[in-house]
Amino acid sequence: MQTPKILSCGIKDVRFGEDVTIVEPVNIYGCRIDHQVRIGPFVEIQKNSHIGAHTKIQSHSFICELVTIGTHCFIGHGVMFINDLFSEGKPAGGDKNLWKHTHIGNHVSIGSNATILPINICDNVVIGAGAVVTKDITSPGVYAGNPAKKIRSIS
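The sequence shown runs 2 to 156 under the working numbering.
Certain hints may be false.
Said to hold, decoys possible - Here are the computed distance ranges between Cβ atoms for each label pair: (1) Gly-95 / Ile-7: 19 to 25 Å; (2) Asp-96 / Cys-10: 22 to 28 Å; (3) Gln-37 / Ser-113: 34 to 40 Å.
What the hints assert, rightly or not - Capping the alpha-carbon separation at 25 Å, the derived lysine to any residue pairs in SDA-like fashion look like this: (4) Lys-150 / Cys-65; (5) Lys-151 / Lys-97; (6) Lys-6 / Gly-95; (7) Lys-136 / Pro-26; (8) Lys-101 / Lys-150; (9) Lys-13 / Ser-88; (10) Lys-97 / Val-27; (11) Lys-6 / Gln-47; (12) Lys-151 / Thr-69; (13) Lys-136 / Leu-118; (14) Lys-136 / Ser-88; (15) Lys-57 / Asn-114; (16) Lys-57 / Pro-119; (17) Lys-57 / His-102; (18) Lys-48 / Pro-119; (19) Lys-151 / Asn-114; (20) Lys-136 / Trp-100; (21) Lys-6 / Gly-31; (22) Lys-48 / Pro-26; (23) Lys-48 / Leu-86; (24) Lys-101 / Phe-43; (25) Lys-57 / Phe-75; (26) Lys-91 / Phe-63.
These are computed hints drawn from the structure, not numbers from a lab. In this text the structure is predicted, and so the values were computed from the model without any measurement. For each residue, glycine too, the CB sits at the ideal point set by N, CA and C.
Make the full structure from the sequences, and use the hints.
Here's what the structure looks like:
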């Protein structure tokens, strides 16, 4: 019987602001988390990511490398960020030159189980639960569906 290679999760090499709350278990490493952020259990935040102040991240969300989330944001349960578009017909694997950045503006709420491809989202946007965001969002409003489309403005 073979013994598996076991990697432990936890918190390593993170720059924290003041008054951050984390509910374990989590896997958070090599990233920056600003003031008054709350992170629920079963969240992974990978290196070279940045979470802005006053942001709340619900359980079971995955924030991959190269994601920046602004201030006063809400990330619902099970939100998945993607940085690899399989541009060569297969996973990029270790070729980080093929990975793409994602930038989420301020005052953005992302509903549970949404999938966010490597795009930019402007300030003051609501993404509906289960939406798949495949293109930049440059106008404030509410977006839903697959692919996500604007369904109304925010007044």
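What are the numbers of the hints the structure violates, in ascending order?
3, 5, 7 and 9
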